[in-house]
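Whole structure, please, built from the sequences with the hints as guidance.
Mind the numbering: the first sequence is residues 3 to 668 in the numbering used here, read in order.
Take every hint as true, because none was put in to throw you off.
Straight line, CA to CA, 25 Å or less: simulated SDA-like cross-link-like pairs of lysine to any residue:
#1 152 / 178
#2 154 / 259
#3 139 / 529
#4 328 / 621
#5 406 / 186
#6 502 / 369
#7 393 / 112
#8 139 / 157
#9 207 / 241
#10 456 / 421
#11 456 / 466
#12 340 / 546
#13 340 / 352
#14 74 / 218
#15 144 / 578
#16 375 / 502
#17 385 / 366
#18 424 / 457
#19 340 / 628
#20 144 / 121
#21 503 / 383
#22 154 / 117
#23 406 / 97
#24 154 / 271
#25 503 / 517
#26 139 / 171
#27 154 / 186
#28 74 / 559
#29 328 / 372
#30 328 / 376
FRET-style restraints, in silico, Cβ to Cβ:
#31 320 / 4: 31 to 37 Å
#32 182 / 493: 35 to 41 Å
#33 449 / 138: 31 to 37 Å
Just so you know, the hints here were simulated from the structure itself, not pulled from any lab data.
Glycine included, each C-beta is placed from N, C-alpha and C at the ideal position.
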Amino acid sequence: MELAQFLNSAQVEAVEHRQGPLLVIAGAGSGKTRVIEYRVLNLILNQVEPTSILLLTFTRRASREMLARAAKQDPKCGLVEGGTFHSFGVRLLRRYAGRIGIKENFTILDSADAPEAMRRVATALGYYQLPLRFPQKSSLQKILSAATNKQKPIAEILEQDYPNFQACAKELENLRLQYARYKLEMGYFDYDDLLLYSKLALEIKEIRAEVQAQFQYIMVDEYQDTNQVQGEIVALLAQSHGNVMAVGDDAQSIYGFRGAQHANILSFPSLFPGCKVIKLETNYRSTQDILDLGNQVLEGMQQKYSKRLVSAERRRGQAPSLRVFKEPAEEAAWIAEKIQELYHQGVPLREMAVLFRSSHLSFQTQTELAKRKLPFEVHGGKKFSDMAHVKDLLSYFKLLYNPKDELAWNRVLMLLTGVGPKTASRLIETIQAQADLLEVHEFFLSLPEKRIYKGELLLLSAALGQARGQVHDLASCYSTLLRAYQPYLEQRYDNWTQRKKDLETLSQIAGRYHDLHQLLLDFALEPPERGVVAVQGVTQAAEGAIVLSTIHSAKGLEWGAVFLIGMMEGIFPTAYSLKSPEAIEEEERLFYVALTRAKNQLFLSFCHYGFAGGITQFNQPSRFVQNLSLEREDRPPPVRTKKPPPLEAAQALSKEELLAKLAKMF
DNA sequence: TTTCGACGTCTTTTT
DNA sequence: GACGTCGAAA
Numbered sequence: 003m004e005l006a007q008f009l010n011s012a013q014v015e016a017v018e019h020r021q022g023p024l025l026v027i028a029g030a031g032s033g034k035t036r037v038i039e040y041r042v043l044n045l046i047l048n049q050v051e052p053t054s055i056l057l058l059t060f061t062r063r064a065s066r067e068m069l070a071r072a073a074k075q076d077p078k079c080g081l082v083e084g085g086t087f088h089s090f091g092v093r094l095l096r097r098y099a100g101r102i103g104i105k106e107n108f109t110i111l112d113s114a115d116a117p118e119a120m121r122r123v124a125t126a127l128g129y130y131q132l133p134l135r136f137p138q139k140s141s142l143q144k145i146l147s148a149a150t151n152k153q154k155p156i157a158e159i160l161e162q163d164y165p166n167f168q169a170c171a172k173e174l175e176n177l178r179l180q181y182a183r184y185k186l187e188m189g190y191f192d193y194d195d196l197l198l199y200s201k202l203a204l205e206i207k208e209i210r211a212e213v214q215a216q217f218q219y220i221m222v223d224e225y226q227d228t229n230q231v232q233g234e235i236v237a238l239l240a241q242s243h244g245n246v247m248a249v250g251d252d253a254q255s256i257y258g259f260r261g262a263q264h265a266n267i268l269s270f271p272s273l274f275p276g277c278k279v280i281k282l283e284t285n286y287r288s289t290q291d292i293l294d295l296g297n298q299v300l301e302g303m304q305q306k307y308s309k310r311l312v313s314a315e316r317r318r319g320q321a322p323s324l325r326v327f328k329e330p331a332e333e334a335a336w337i338a339e340k341i342q343e344l345y346h347q348g349v350p351l352r353e354m355a356v357l358f359r360s361s362h363l364s365f366q367t368q369t370e371l372a373k374r375k376l377p378f379e380v381h382g383g384k385k386f387s388d389m390a391h392v393k394d395l396l397s398y399f400k401l402l403y404n405p406k407d408e409l410a411w412n413r414v415l416m417l418l419t420g421v422g423p424k425t426a427s428r429l430i431e432t433i434q435a436q437a438d439l440l441e442v443h444e445f446f447l448s449l450p451e452k453r454i455y456k457g458e459l460l461l462l463s464a465a466l467g468q469a470r471g472q473v474h475d476l477a478s479c480y481s482t483l484l485r486a487y488q489p490y491l492e493q494r495y496d497n498w499t500q501r502k503k504d505l506e507t508l509s510q511i512a513g514r515y516h517d518l519h520q521l522l523l524d525f526a527l528e529p530p531e532r533g534v535v536a537v538q539g540v541t542q543a544a545e546g547a548i549v550l551s552t553i554h555s556a557k558g559l560e561w562g563a564v565f566l567i568g569m570m571e572g573i574f575p576t577a578y579s580l581k582s583p584e585a586i587e588e589e590e591r592l593f594y595v596a597l598t599r600a601k602n603q604l605f606l607s608f609c610h611y612g613f614a615g616g617i618t619q620f621n622q623p624s625r626f627v628q629n630l631s632l633e634r635e636d637r638p639p640p641v642r643t644k645k646p647p648p649l650e651a652a653q654a655l656s657k658e659e660l661l662a663k664l665a666k667m668f
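So, in structure tokens, the structure goes:
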């Protein structure tokens, strides 16, 4: 294969690299995906076994796409082991469960389960009865997770980010230990555990030797977003052969809040002596006008591999612009109009995106697009499985998989009338002593008749029993469980018909699976996004849809025209970041990521009036746009609505007359 | 012991 | 608007 036909010289050099460590610093739009894709292909064309290549990426979608494209040229590429660190961890842990000393059929705690589990442990330890204010479950999760991901003692995390909880350091340290014990007993693993136990597994000499022997070539994408533990996992994987390629862009490190250390990519060469470093600076994505803006942002950054983006064809285009609006509705209306205009000029809808710092900023735009029947999909923000009714139904599924799952039982039992926390705990205790669902059913039968929840309990376990027999056919299994859940759905929610639709969507997703375990795994590791339901529009699906996305979820993607909304101080950068210079730098990198998503056109905007904490406030433009040379376009003159002339006093009706008129209308 | 309503607090980004 | 806490009633 003549690589130079498809790649520039720096890319060829990276693709042809075979042995030893390699770091590829790939600026935005410099074709790093292509490099990974072609390197996989090149290795395979040079007789490397596909199963000896491991490709670790940030999202499962990223690895799937890269491997799928490579597989078009050689189907063997499809056999490459690819996925996120977390999914790799799951496979590793299942395979070596026996040797590590953990249960083989474990359950993954998602971002809602983990805090709940922590609270249960903390409650059992009596920490909520202490005379000190103990963190609530979401803070517990953040504190313990930060300690794990940054590999720092709790006290240090508290000092930096939670000074108000410094008095709880001892208790939290103990909670961390007891929570770990609890999970081990229950067979639960939270996200952090998947990484932590992977590292632990790889520290066992025999396991490490076996894994190293299998994976001769390690590739890691988005290296700038790896955290301490992930960095250590990479080091362990590559220890013997040193065949590790890290690809990333230090300027695009945007997951510091999750413990990512952008120092990882900076220190990669010193970690692997003899490491070759290749920079990709030629940009194939954006016009020079957009890149100039990106370069301005790059210049302001402190710690970095210095680089400058240059457009491959020196392509000029429309200058990026900044627009100021009075309020979000006005901004949304303008965006919708502009989208229609671009569409009529021939830009397909799927080539347009609206990006924002936090998901709620897109509400107005969503409404406006829906009103105009423009199809769109929303990425980022709430997950499908965050909705209470979806979690309820998934809990039923979890019980089929593991009849001793305490968190799932708790959720399911609490639905029953007459069951509160106390009763649920007591029931669960006995349930866990039973061998299987059949014995659980017998236990329910043996309960005294006067328990008001007995009838419901029996209906529930009958449904579970029936569903258990249908696990080979998840679609009918699902409908059995949905029938059992239906009464609770109707009883609990006014808008149950809407929610029923969500559950029907879930039914379609569930029906695509053949394996219950895989279904639960995917829902935990890669929950379907709630907003990826395109609005029915006048255009056909082939046109695609406009993408509304958080900047985080837009990483690695590109569009012809990009609208970046909400450029207000306190929103972007968020008020949270203002206390520390490091956090503001991360926001700045995030801004850089957002800008460099655009190929041809880039529109920035902000509104003076905005909502924050329930009150309307006057916003200043973001510091990010103030220093940039941007074409500032004034908003269109506001539409003035004429005020009706005030009524003459004599014309006004008395209260009695009003009531009389109303009564006639009843 | 459960259930319900009133009130206060916090509200980012994701595997 | 979601979640937690507290007190009162059933």
